[in-house]
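Read off the chains here:
6 protein chains.
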Amino acid sequence: MSSTADLRADGRTPAQTRPVTIERGWSAQAEGSALISFGRTKVLCTASFTPGVPRWLTGRGTGWVTAEYSMLPRSTNERMQRESVKGRMGGRTHEISRLIGRSLRAVIDTKALGENTIVIDCDVLQADGGTRTASITGAYVALADAVEWARAQGHVPRSSRPLTDSVAAVSVGIVDGVPMSDLAYVEDSRAETDMNVVVTGSGEFVEVQGTAEGKPFSRAELDALLDIALVSTAELAELQRAALAEGR
Amino acid sequence: MSSTADLRADGRTPAQTRPVTIERGWSAQAEGSALISFGRTKVLCTASFTPGVPRWLTGRGTGWVTAEYSMLPRSTNERMQRESVKGRMGGRTHEISRLIGRSLRAVIDTKALGENTIVIDCDVLQADGGTRTASITGAYVALADAVEWARAQGHVPRSSRPLTDSVAAVSVGIVDGVPMSDLAYVEDSRAETDMNVVVTGSGEFVEVQGTAEGKPFSRAELDALLDIALVSTAELAELQRAALAEGR
Amino acid sequence: MSSTADLRADGRTPAQTRPVTIERGWSAQAEGSALISFGRTKVLCTASFTPGVPRWLTGRGTGWVTAEYSMLPRSTNERMQRESVKGRMGGRTHEISRLIGRSLRAVIDTKALGENTIVIDCDVLQADGGTRTASITGAYVALADAVEWARAQGHVPRSSRPLTDSVAAVSVGIVDGVPMSDLAYVEDSRAETDMNVVVTGSGEFVEVQGTAEGKPFSRAELDALLDIALVSTAELAELQRAALAEGR
Amino acid sequence: MSSTADLRADGRTPAQTRPVTIERGWSAQAEGSALISFGRTKVLCTASFTPGVPRWLTGRGTGWVTAEYSMLPRSTNERMQRESVKGRMGGRTHEISRLIGRSLRAVIDTKALGENTIVIDCDVLQADGGTRTASITGAYVALADAVEWARAQGHVPRSSRPLTDSVAAVSVGIVDGVPMSDLAYVEDSRAETDMNVVVTGSGEFVEVQGTAEGKPFSRAELDALLDIALVSTAELAELQRAALAEGR
Amino acid sequence: MSSTADLRADGRTPAQTRPVTIERGWSAQAEGSALISFGRTKVLCTASFTPGVPRWLTGRGTGWVTAEYSMLPRSTNERMQRESVKGRMGGRTHEISRLIGRSLRAVIDTKALGENTIVIDCDVLQADGGTRTASITGAYVALADAVEWARAQGHVPRSSRPLTDSVAAVSVGIVDGVPMSDLAYVEDSRAETDMNVVVTGSGEFVEVQGTAEGKPFSRAELDALLDIALVSTAELAELQRAALAEGR
Amino acid sequence: MSSTADLRADGRTPAQTRPVTIERGWSAQAEGSALISFGRTKVLCTASFTPGVPRWLTGRGTGWVTAEYSMLPRSTNERMQRESVKGRMGGRTHEISRLIGRSLRAVIDTKALGENTIVIDCDVLQADGGTRTASITGAYVALADAVEWARAQGHVPRSSRPLTDSVAAVSVGIVDGVPMSDLAYVEDSRAETDMNVVVTGSGEFVEVQGTAEGKPFSRAELDALLDIALVSTAELAELQRAALAEGR
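Protein chains in written order, with the UniProt record's numbering: chain E, 1 to 248; chain G, 1 to 248; chain C, 1 to 248; chain H, 1 to 248; chain L, 1 to 248; chain S, 1 to 248.
Heads up, some of the hints might be wrong.
The list cannot tell twin chains apart, which means a pair is met if one copy fits it or any two copies do.
[What the hints assert, rightly or not] Derived EDC-like pairs: lysine to aspartate or glutamate, alpha-carbon spacing no greater than 20 angstroms straight-line: (1) 215 with 165; (2) 215 with 188; (3) 111 with 148; (4) 215 with 204; (5) 215 with 176; (6) 111 with 213.
Hints are computed from structural coordinates only; laboratory data are not their basis.
All chains should be built: construct the whole structure from the sequences, respecting the hints.
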């Protein structure tokens, strides 16, 4: 009803994501790249392919996919200090980098990738909530292009299919008692519960990270959030497919 | 049946935790402390109370609870390099410290705590799986004693009740297709899905962190893991109550 | 002649810059911003205004303008390691950040700015030569908008004119014996002499940094490079004026 | 006489150490370990054996023994910041780690050890004075067990005897003009002179580190301190022998 | 005229440098060394020769020359914090180290040097302006001796001539409208424009770094500064020749 | 006899120090300074006086004296990496800095110094053994001059006598079974036992740090080393007095 529509500053229904755009191949240099937007949130995702693996993996016949996440100092409302200036990465940065890496590795067959390395960089140019889930969703597109590039170049045999599925992510939460999808910053900062859900193209879970921001949440609330997340990630998977279907 | 009992190296049933002991007041110096064991996993938890809060919180009338987690270099099967020697904390350490802090803050009324700070240290003396969940479970006991100490000393008014509930945590996972509670290291390294669940004494969720280690997991598997986690955390809450009921 | 035109891979004449575009107000959050392109080189420049100055300047009645430069890890042909991961900023980064800051301070009357701080961030999204001079040229536009914002908001009196002139920069060099403007990466790596020249809107020098890459250079070569630089920076000043003349 | 006995808060005579206990094999994982207590001072010592030596020693046929010392943040009366959080080890930590390493190497025949490495970790769980000397005394027991383990496993030939002697240490000092053994924290902080003495099982010196805390000390005072230290270290050597005589 | 002579506190004419002394072979250990003074500015320059090159250069048949610059903490009027204590090198240090290295490499034929490395250290013992240009001038003498040492020892063939020219540097600037050479600290801090000029023995430019400290400078001013710099660097080249002509 | 004289490469008798020179007031800027040489070992010692004390000491009416020690990278036979480049100070550097600081504080009455700070810097220009003891001996002269400067300037009342005694240090050791004074590097590296002894002008001990390098040492050897150290430090105290007696 109209009462529900009024809940959100930008007029969205609870289960509706912001407008999502994926600008594939944004970088002229990276083997794969995508500039992804969820409303005002903008993340530049690049995938860098290099033959060979780190020393500790050499000789096992498996590849390596890892990710690094960072925010530009003025991607936020107030400028943050650069981590290179502070001389160390913060805990949040580490945590998100690890989450992105795990999410992508869930859809990679490292045997099929062979002894090759793909490093994903997700740099937040503008932040308005949901930067980690936008990063995962955009990174998948960059990764898919880097894998195709490697197959085209012969670094990975044509017969190999390193990607086993697609992967997308959304942030959901309970705001004023109502479960909602794709929280913008103003919603996120008021949420009682915040959950990041990473889901494959075939609808199975890769990560579920729910946190009580204000008060603990019940099993029923958890279930409602998962329902909404599955709807949104299915929509995102469709957008990824569309982006990858275009000629590069 | 016997077939299920055979699943676990130490003869436990799937939903059974390892023997848990809580040695309350282990430290002669800290305002609250507990040496907690889950089988061979041993964590020393201390709570350090200091009047006052960090500068950025001053004057708001609210307290601060934070946590730091660390592993002794030879708490593991192979010696790890010290983070003080490497000159920086790793991502995993940061991530777990933040999780412990959030979990404890979920049961603290920071207004009732007043402008006081409690720092929780969880140092893993021996690691055999489940160190982060053991840390949360032991830290609650140390925290409860530090709060009582502060009320006894008059730093917090007798009439204030900064603790709103208890909190405990368990690691659950799917091993060889079977959902199990309190994974030991050998089980954890074979788990297809690993989930850390933090639950209040009244049975509501504070954190749910599920990760597909091997292959993505279904909604049904997620549900089975949550069922088991609620049983185990209810048992742990009982042990915490018993430990705190004894004279210190 | 055609022989000269053949000198450059992209068909430019020696004194011609690449196509330059300035996307003013790119950031929805910063007080001033510009996405500047010199051909494939793209730099996002933001200006962050905050009332007050660092402690060591307090009470002197003067403002502070400083700059930080950084490259995204995959802005280059081969991925570079992040400085936040290495735990320290490299010498080149420091050097360029200082150059940008000095260049902008040359056209700021810090008394007229009052006790306010403006931090400029120049983040290279894609690098193809001339990133430091593109940064200075774009940063001036972001700075001008931040100063206007501060005057509109009343942080700086309407009667104050903190900007005393405009400033732009270009990289010039001698390639195969021919002085050329705005070197692209392939030209820069072959240059015998490389010079970065920073010039005000009124045509005076702020910085002249000439380096013999291959062999020492003569006074006549130095003069030829300065001639070309003055032509190009005059063109850039015109583009800055045009960008700032549009409604934001 | 009673007057002398009154000198010490816990009723000890000047030359008497606090009760010392050695819990050998405390760690289920390390090749050697001991939890040693001198009164309330408790240090967990582990010895980690690994075949091979650091690169700079390779091919010389000699082994390597080194040590690291650290204090848990709340081992002290007031919580200290973690060195991993500060991002660097302090001077005192470095100094004590080096002292422990030198002391143990004094009783190791590195040729007999072969190209193998033993790393000793001394982590102070509770501190009440004398943590560095307790560390050395406990570390010897852990080291002895790691050497035996290596001989049993065949990493070191049965015929080799890498340990040439035992080693123990005590802190002695002059308090209110009286030379005393094994200073507790309250005594140490009042001591005019503080001396750490490391002695082999056969009664020879490995290290003598005397420091005037308040006023310089005379040769006679130095001699009195050495006398007392030799008595206490002989007692400690006896306790080490007893601990190692038990079946592990 | 007398009016011009009055301009400078120490009675120098505008184009005159301070008394320059070069104490060659100051270090008993380094392969080349010089203690150079420009008035009260004193820099100890050493050249350390080692056979072989860094891994990234191996097998290319070319050598490597690099430089590090540092100031003793009390080389200045007020004590500065050590960079080793701060845990990182500042931007200015980085910038000067890179300048010295580039200047020396401009007169080295790295093919003729063969796969050998020379590291130049310039440590400022006392600072009174012009430390970077004194460093370059002294470093050349140390470098020349290290090259001769390597030829004498046979690390570089007798027939090779790795040095292609000499190199010297001077700081020039405009003070109260007058172009002056070799600014002392009191002059430098009042300069409107400051320029460091690095020139070969044959009078060609290696580096020209001009900075408007106060207000932008004109082409005519730039020309006047270059004129003066060429005179002074020719004098310095003569002093270098004289120093190297003496028996070591 | 001649047989003993033959023991030492430079013809010294066992108890003889190398030629020691103290160039007082070497620095034109520091409040006190000395360039001290023990043979080829050369250390530049400066004392920097500043009114006020670190925040943690404010309001107690006592001053603060601290020291920092460092070696130039090519003060040694083989070039060492700079600690500012490594990004951290090594354990040895920390240890020696702390030793110098403690030694000087032993002869300072911090009440008489008032709320003032003196920082001592000992920078080794050339190292040939005994750098830490040369540093202490030279630092005392720099400290004495800084104290006099402060009394002359009125920062410390004329009636106050912050220095209670002088302090000097020597390195002694057993080489080939013979106790010797002031070991040069070639002797130090062969020593079985090495001892640094810090002694006041009135002949009492401030620090005694003896280390068995090769094999443990007996009480008799310890006594012989102390005898020799007392002779040498008495000679050094005389040299300090002579240096300070000259007009500055």
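Same-copy or cross-copy closeness of residue 215 to residue 176 [CA-CA at most 20 angstroms]:
Cα proximity of residue 215 and residue 176: one copy only (12 angstroms, versus 35 angstroms across).
Alpha-carbon proximity context of residue 111 and residue 213, limit 20 angstroms
Between. Shortest inter-copy distance 16 angstroms satisfies the 20 angstroms Cα cut-off; intra-copy 40 angstroms does not.
At most 20 angstroms between C-alpha atoms: does residue 215 with residue 188 qualify within a copy, between copies, both, or neither?
Result: close within a single copy only, 14 angstroms intra versus 30 angstroms inter.
Between copies, within a copy, both or neither: which fits residue 111 and residue 148 at Cα up to 20 angstroms?
Result: close within a single copy only, 16 angstroms intra versus 42 angstroms inter.
Are the CA atoms of residue 215 and residue 204 at most 20 angstroms apart within a copy, between copies, both, or neither?
between (28 angstroms within a copy, 9 angstroms between copies)
With identical chains, the pair residue 215 and residue 165 could be close in the same copy or across copies; at 20 angstroms between alpha carbons, which is it: within, between, both, or neither?
Between copies only: 11 angstroms across chains, 36 angstroms inside a chain, cut-off 20 angstroms.
Taken one by one, the earlier hints all hold for this structure without exception.
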